[in-house]
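Asks: Sequence:
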Amino acid sequence: MGLPQPLVHSGASAIAECASCFVLTPSEVIKQNAQMLQQQSGGSRRSASLQAMKQLGGAGAGRKLLSGYSALVARNLPFTALQFPIFEYLRARIWRRRPGILENGNGMREKRGLLETGVVTGTSAGLAGSFAAVVTTPMDVVKTRMMLAAGSNNSDLNQGARDRELPSQDANKYKARGGLAVARGVILERGISGLFRGAVLRGVWTAVGSGLYLGTYEVAKVWLARRKRPGIEHNSL
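Under the working numbering, the first residue of the sequence shown carries the number 106, and numbering increases by one thereafter.
Worth flagging that the hints you see were computed from the coordinates, not collected in a lab. Any given hint might turn out to be false.
Here are the in silico distance ranges between beta carbons for each label pair [what the hints assert, rightly or not]:
#	residue 1	residue 2	range
1	Leu293	Leu329	34 to 44 Å
2	Trp328	Arg151	41 to 51 Å
3	Ala186	Leu306	47 to 57 Å
4	Arg202	Leu293	43 to 53 Å
5	Arg295	Leu112	30 to 40 Å
6	Ala286	Val309	25 to 35 Å
Think of the CB as a built atom: it goes at the ideal place given N, C-alpha and C, for glycine as much as any other residue.
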């Protein structure tokens with residue numbers, strides 16, 4: 106007896122997300138440390154990315170570049186698990202309320218314009234993405250601290266939402282710590298609200314990004330599908 110398809114899809118998605126995070130983590134570590142160095146240098150013309158790579162190099166470079174991998178997985182897996190079911194639910198609800206929308210046997214809607222498709226899909230994706238982003242902000246805060254600690258090198262540790270200078274011994278306490286330990290440290294410093302710093306900003310840019318990305322994708326998919334089917338007006342908006 107085979108596994109249920111939802112379980113297969115969820116398992117495959119989780120494995121793919123873990124592999125993706127393994128590739129993305131080093132670039133995230135370099136990017137965030139480069140941003141911190143750029144702030145500290147006050148607009149120096151030297152490449153912040155090259156400085157970050159140099160700072161992260163040497164002994165233990167592999168461990169430093171993979172700092173925050175577990176936190177990145179812990180953020181991305183629930184984010185995806187939340188965003189796409191909510192997105193599909195919202196989009197289906199909106200289409201059901203639209204007059205004159207018919208479905209064929211393949212679930213394709215025959216009477217929707219490209220503009221309407223983009224608006225409905227973009228709105229659904231934006232709302233779902235913003236909700237998922239706010240809910241997963243604590244994991245993002247933990248991930249950011251772990252990645253910045255990897256390159257702190259006895260320097261100031263950037264807190265993300267606003268600059269805050271820390272003594273070198275405070276910066277060092279984030280090194281070689283797991284995600285749960287870092288989260289406990291944030292709660293002790295700032296309370297539960299500290300885990301949601303930047304949640305509003307993260308929700309806004311995720312809403313814009315998800316809406317544009319999935320809205321454009323769906324419009325392109327519908328337009329290309331219509332070009333292959335006779336009797337459909339290609340330029341219909």
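Asks: Starting from the range 34 to 44 Å, see whether the pair Leu293 and Leu329 falls in it by beta-carbon distance.
Replies: violated (53 Å)
Asks: Quick check on a hinted range of 25 to 35 Å for Ala286 and Val309, using CB atoms only.
Replies: holds (30 Å)
Asks: Using the Cβ atoms, figure out if Arg202 sits within 43 to 53 Å of Leu293.
Replies: Holds, at about 48 Å.
Asks: How does the Cβ-Cβ distance of Trp328 and Arg151 compare with 41 to 51 Å: does it lie in that range?
Replies: Given a distance of about 45 Å, which is inside 41 to 51 Å, the answer is holds.
Asks: Does the Cβ pair Arg295, Leu112 satisfy 30 to 40 Å?
Replies: holds (39 Å)
Asks: Confirm or reject the claim that Ala186 and Leu306 have a C-beta distance inside 47 to 57 Å.
Replies: violated (22 Å)
Checked against the numbered hints listed earlier, the structure breaks hints 1 and 3; every other hint is satisfied.
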